[in-house]
Amino acid sequence: MPIATPFHPRTSARCVSLFYKDWAGYWAVRSYDTTHEREYFAFRHACGLIDVTPLYKYDVRGRDAARVLARVMARDVRKLKANQVAYVCWCDDDGHVLDDGTVTRFDADNFRVTSSEPALHWLRRASRGFQITIEDVSHRIAALSIQGPTSRDAVNAACGGDVAKLGFFRLAQSRIDGVDVQISRTGYTGDLGYEIWMLNEDALRVYDALMAAGRAYGIEPAGLDAMDVTRVEAGFILNGVDYYPATRCLIPSRKSTPYELGLGWMVHLEREPFFGRDALQREKQRGSTRMLVGLELDWDEFEGMFRAHGLPPEVHPGGWRDARPVYDTRGLFIGQATSGAWSPILKKNLALATVKSDYAAPGTTVRMEVTVEYERRAVRATVVETPFFNPERKRA
Amino acid sequence: MAKRYDAIIVGGGHNGLVTAAYLAKAGRRVLVLEKRHVLGGAAVTEELYPGFKFSVCSYVVSLFRPHIIRELELTKHGMQLIPLECSFTPHLEGPGLVRWPDANVTRREVSRFSQKDAEIYPEFSLAMSKMGFFVKRIIDNPPPDVGSMNPAELQKIASLFGHLKGLGPDMLELHVQLLTMSAVDFLQMWFESDELLAPMSCSGIIGTFLGVRSPGTAYVLLHHYMGEIDGAFRSWGFSKGGTGGISLAIANAARSYGAEIRTEAPVARILMKGKRATGVVLENGDEIHARVVVSNADPRRTFLEMVGEKEFDPTFVSQVKRYKFRGSSGKVNLALDRLPDFTCRPGDGVHVRGDIAIAPSLEYLERAFDDAKYGNFSRRPYLNVVVPSLVDPSVAPPGKHVMSIFVQYAPYNLAEGADAWPKRREEFGDTVVDTLAEYCPGLKESILFRQVLTPWDLEHEIGLSEGNIFQGELSLEQLLFLRPAPGWSRYQTPVNRLWLCGSGAHPGGGIMGAPGELCAKALLRSGEV
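Line by line, the protein sequences are chains A and B. When we follow the numbering used here, the leftmost residue of the first sequence carries the number 1, and every step to the right adds one. When we follow the numbering used here, the leftmost residue of the second sequence carries the number 1, and every step to the right adds one.
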């Protein structure tokens, strides 16, 4: 049975839909109302406030902390400056991804890792013989994510202006309603946004202060359903949906490498060994056999398939994550679309798919399976670059 | 040597801009001439008071054709729509009525007035969706040329009827009823409660000088129901940054394809050589030539003012003169220092995020029309109120709000004459605020700024003849193949190389872009550019 996060007294009072899901063993709101629309539009036009406490959090401290994390992560986190955050992934010895998350550097010897799966044992395995301590702080630290174009104004109003100049992927130590918090300029919506970290016992004070300060900026409590649409628009992958962690795969073909997932940009090969380096080096030379790509479905053809039944086109409300086969134009299976959404802001039907590399070049035409009035059809789709939605304010 | 254009678009309203974008995308050299300092015509955003951005005239969008968004890549150029969540009808007694996207919640709300109405509501919605799906074919194509014996035309008409019959045996019947009945009679085929009939029938009178019980208003009802956002029929939305945001996105698209757009460039008249339009003369005397002239202005302004009566044969002139404008509505825009608080449903809940209709009963609406019939604005008018800053904080300073109030009736022809409007403008504004304040007591104290637009202002400021928001009423005798005049519904006019692309052409008004798109496509097919 899932348990409550420290924000539950507030979020449950507002969650009139009773739409919850189990996120890492916690009750997480899917949408506060019976539709997530208001929350989605708050993310894109005002700001949405979402409880992200269920993320796993580990504090890594000690003289060797940077070295150990550099050994674990495909990205060289030793380059991080104090109060900088990095998006990272980590792999097994064969270069297969175990998880993706963030590493934050507080100072020379103090880091925090966040992950979507438990990671303590993997970090411990990597740190044998090094002088570090690793503490699982998941159950002590509560977290809120506030995302959207007015999020900066709302957070600033709550914390007295401390984030006015906070750069993309930077961290600030701050106070909200007299309580110590850490605020990072990060998020999972591909928009301007912040994540706020605090002790469990301070959670409600921070929540109340943010809601009060955010009122003038159109703040809306938001749930996972709205965030799922925004993360597809942002082209962000999700562990367990768009890829499986290598430790959970019965068969090799289910595993993925950073290059295949479009995370090749964060793999730093030219350095001391790290988990998976040799395999990744070989893959880099040889090329990847599959690639994660963005797909834009052809609306006219899709609409036509419905019209043939006398129906208007049906747009799936919200994101979907039941994988669908992808074919080439001759009908041969070339991969799978693992999640997607109708994007209300782009007015496009989007999907994230893993396809054979031959079909990964932007502009390539493929076909994705859709169900139209109980019939399986394949609709034309074009491979496009991600992020699909990439507003300037995201990095501003 | 002056630059030569393929096409000059007279007026930078949203339809003119759509035409410009399509022509430019097809490689034509296009010039748009807008008389005001801002683009958009009636789909315009202006910062009338520091920090407050108003959708000055048109305030919500539903009909904008989704394929135009795709073809002109308008989302890339900044077009963003945010759906309206609900419809709230406050009452002086009791909690009022809110219609929600959640069918069960709406059923409970309506049940307080009539359980029958509550249960039949989904049936009505289904019938309207079927109609919307059918009408989509009509608004996405040039009007069928009824009476033509051309096989292609006959086939188009046959295919339309085929589609209609395919929707079910009663749909043809329903369409005839819709075209001939009053909004109330039509709605009474489903509903009985006054509290529901009143706000629902209002869609039948918008921009029309008729009462909710006047025959012909059922069609106007459909015109407001046939919108579509993201595949969902009947949905309405706000445009991010106000409705001018749509116009600016279209203008950006047009510019990206190479169109040239000038503001503060009022056209005085259209240049003629024989029976052919050859360009325009600006008010400053500049002459600009082009292969075709496309007018986004309404038919009266275009034909009688910019071309001149003497260029047309008398039958056409009388048809244009008979074309009805009869503006019947006004607009009040308010800057507020706090949210309105409705007595019947206090607080800042979701109910104020959609549209708010002051339409408590059918009698109220009929009395509002009675005043108008005798040349007065309604003493207690129908109001359609929205507070877009709630869902789009970019249009007002933090914690403050913009309120847009559509007001009907405000007849263009007051008993003392249309020119009496400037004298009565503030009195009209007071009536509107007093009316709303009965439901929302703190309203007056929260007003920081007020703009009152009468039909006279819409004519003089925006250029809409007699202040008609649709460039001519949406009554059956001036729709489809009769809009704006019999024989001239395909965007061409009796003047060679002069075309019409505004709401005065098929399929009519509202921010839909359809006249602009259909005109551009017809023009490109004609080979004149």
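No wet-lab data here; the hints were simulated from the structure. One should not assume that every hint holds.
Below are the DSS-like pairs computed for lysine-lysine, each with C-alpha atoms no more than 27 angstroms apart in a straight line [claimed, not checked]: (1) Lys373(B) x Lys136(B); (2) Lys275(B) x Lys348(A); (3) Lys373(B) x Lys35(B); (4) Lys444(B) x Lys400(B); (5) Lys394(A) x Lys324(B); (6) Lys347(A) x Lys394(A); (7) Lys165(A) x Lys394(A); (8) Lys76(B) x Lys116(B); (9) Lys273(B) x Lys35(B); (10) Lys521(B) x Lys273(B); (11) Lys136(B) x Lys76(B); (12) Lys76(B) x Lys348(A); (13) Lys81(A) x Lys165(A); (14) Lys136(B) x Lys347(A); (15) Lys423(B) x Lys35(B); (16) Lys79(A) x Lys284(A); (17) Lys521(B) x Lys348(A); (18) Lys136(B) x Lys348(A); (19) Lys347(A) x Lys324(B); (20) Lys310(B) x Lys165(A); (21) Lys400(B) x Lys423(B); (22) Lys136(B) x Lys394(A); (23) Lys444(B) x Lys347(A); (24) Lys444(B) x Lys35(B); (25) Lys321(B) x Lys400(B); (26) Lys356(A) x Lys81(A); (27) Lys3(B) x Lys521(B); (28) Lys25(B) x Lys35(B); (29) Lys310(B) x Lys324(B); (30) Lys35(B) x Lys347(A); (31) Lys3(B) x Lys25(B); (32) Lys35(B) x Lys400(B); (33) Lys25(B) x Lys521(B).
Subject >> Given hint Lys324(B) paired with Lys394(A) - CA-CA distance at most 27 angstroms >> reply: Roughly 50 angstroms separates the two Cα atoms, so the pair is violated.
Original post:
Does the alpha-carbon distance linking Lys356(A) and Lys81(A) stay inside the 27 angstroms limit?
Top reply: Judged against 27 angstroms, a Cα distance of about 38 angstroms means the pair is violated.
Original post:
Does Lys394(A) lie within 27 angstroms of Lys165(A) when you go C-alpha to C-alpha?
Top reply: holds, 14 angstroms
Original post:
Holds or violated: Lys76(B) with Lys116(B), Cα cutoff 27 angstroms?
Top reply: Violated - the C-alpha atoms of Lys116(B) and Lys76(B) are around 46 angstroms apart, more than 27 angstroms.
Original post:
Is the hinted pair Lys25(B) and Lys35(B) satisfied, with a Cα-Cα distance of at most 27 angstroms?
Top reply: Between Lys25(B) and Lys35(B) the Cα gap is close to 24 angstroms, so the pair holds against 27 angstroms.
Original post:
Given the hinted pair Lys444(B) and Lys35(B), is their alpha-carbon gap at most 27 angstroms?
Top reply: violated, 35 angstroms
Original post:
Is Lys79(A) within 27 angstroms of Lys284(A), Cα to Cα?
Top reply: holds, 22 angstroms
Subject >> Given hint Lys521(B) paired with Lys3(B) - CA-CA distance at most 27 angstroms >> reply: holds, 24 angstroms
**OP:** Sort out whether Lys35(B) lies within 27 angstroms of Lys373(B), counting only the CA atoms.
**Re:** violated, 33 angstroms
Original post:
Holds or violated: are the alpha carbons of Lys136(B) and Lys76(B) at most 27 angstroms from each other?
Top reply: Holds, at about 25 angstroms.
**OP:** Below or equal to 27 angstroms on CA atoms is what counts here, so check Lys423(B) against Lys35(B).
**Re:** At roughly 25 angstroms apart (the allowed maximum being 27 angstroms), Lys35(B) and Lys423(B) satisfy the hint.
**OP:** Compare the distance between the alpha carbons of Lys310(B) and Lys324(B) with 27 angstroms, and conclude whether the hinted pair is satisfied.
**Re:** Holds: Lys310(B) and Lys324(B) sit about 21 angstroms apart, inside 27 angstroms.
Checked against the numbered hints listed earlier, the structure breaks hints 1, 2, 3, 5, 8, 19, 20, 21, 22, 23, 24, 25, 26, 30 and 32; every other hint is satisfied.
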